[in-house]
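Whenever a hint applies, use it, and build me the whole structure from the sequences.
Heads up: the sequence lines are chains A and B, in that order. Letter 98 of the first sequence, counting from 1, is numbered 98 in UniProt numbering, and no numbers are missing. Letter 148 of the second sequence, counting from 1, is numbered 148 in UniProt numbering, and no numbers are missing.
Think of the hints as simulated: they come from the structure by calculation, not from any bench. Every residue gets a Cβ at the ideal spot worked out from N, C-alpha and C, and that includes glycine. Heads up, a few of these hints could be off.
To give an idea of the interface, some chain B residues facing chain A are shown, with a C-beta separation under 8 Å as derived from the structure [to be verified]: (1) Leu96; (2) Ala97; (3) Phe146.
One letter stands for each residue in the lines below.
Number of protein chains: 2
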Amino acid sequence: MDDELPGAIGTSASLALRLGQAVFSVASLLFMCVGVEFYAYTSFCFLVTIKGLTIPWSLTLAIVDVFSVFVKRPSRQVQIVFIIVIGDWVLSFLSLAAACSTASVADFMITEGGAFFCGRKLCSRFQLSAAMAFLSWCLSIASALFNLWLLPSLY
Amino acid sequence: MDDELPGAIGTSASLALRLGQAVFSVASLLFMCVGVEFYAYTSFCFLVTIKGLTIPWSLTLAIVDVFSVFVKRPSRQVQIVFIIVIGDWVLSFLSLAAACSTASVADFMITEGGAFFCGRKLCSRFQLSAAMAFLSWCLSIASALFNLWLLPSLY
Chain A
1 MDDELPGAIG TSASLALRLG QAVFSVASLL FMCVGVEFYA YTSFCFLVTI
51 KGLTIPWSLT LAIVDVFSVF VKRPSRQVQI VFIIVIGDWV LSFLSLAAAC
101 STASVADFMI TEGGAFFCGR KLCSRFQLSA AMAFLSWCLS IASALFNLWL
151 LPSLY
Chain B
1 MDDELPGAIG TSASLALRLG QAVFSVASLL FMCVGVEFYA YTSFCFLVTI
51 KGLTIPWSLT LAIVDVFSVF VKRPSRQVQI VFIIVIGDWV LSFLSLAAAC
101 STASVADFMI TEGGAFFCGR KLCSRFQLSA AMAFLSWCLS IASALFNLWL
151 LPSLY
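Structure (structure tokens):
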């Protein structure tokens, strides 16, 4: 395959996207979890669950990309790419949903609750977590689009 | 064009999807707006804004479909379908974001605020509005997928 689509699975751009997703997801998870009782709020639990799904998915595909870039390019099978595309799309929708839920609840806590639901420091941690989740979603949808674009050329 | 893709722009399935989107969006807007001071909450304003964009978009494309089904099929130009695909995707992401924000804030109001933020009747109206927004999003993403699927066959 000479006409390589940058960003599709098995390229160095894809590796960069996957690593970015994993880094932002981990950052989002750390801002949300470390030393905070996040599990009192449904939206925050949802974010943690989705990030717990996204991080292994991105890291697995990053390993596939590392193998493909540095060792040996495996032949792309259409079934495998199809599964990757489906997984990417489902996870990116869930990521967007989780990021929006977190952002809106954090905003609601700040505007309505004052210091009742969360102190200044804690509230800004929730906001940062939502921002990291949005950045992770942007990279995730980019990966999903590139892989979807690759799919018809394999048939 | 004999091999008609059901659900793509200009078919009766597309007309049904567009009308469904408009109906659910209007229902969501009515549950949210009528007699309620929704503008105190950012998420609810976001939902109303997005629904205010979605309804004219769906109705316009429904009119195009009606014309195409009942009067005369116009030739599909690739630029126009491309614009429709872009608009569908952007609006469906925004719809999902608005639905998630509304749902999570409504849930947060109920679990944390009790009757402080909204009474039993008002809270269930916010929940119904979020549910209608989700249904509208499901139909919207279906339209977006069908039109995206149509796009490569036009090049």
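Evaluated hints:
1. Leu96: Hint on leucine 96 (chain B): holds, closest Cβ of chain A at ~6 Å, below 8 Å.
2. Ala97: With Cβ-Cβ at 4 Å, under 8 Å, it holds.
3. Phe146: Violated - the Cβ of phenylalanine 146 (chain B) stays beyond 8 Å from chain A, reaching only about 14 Å at its closest.
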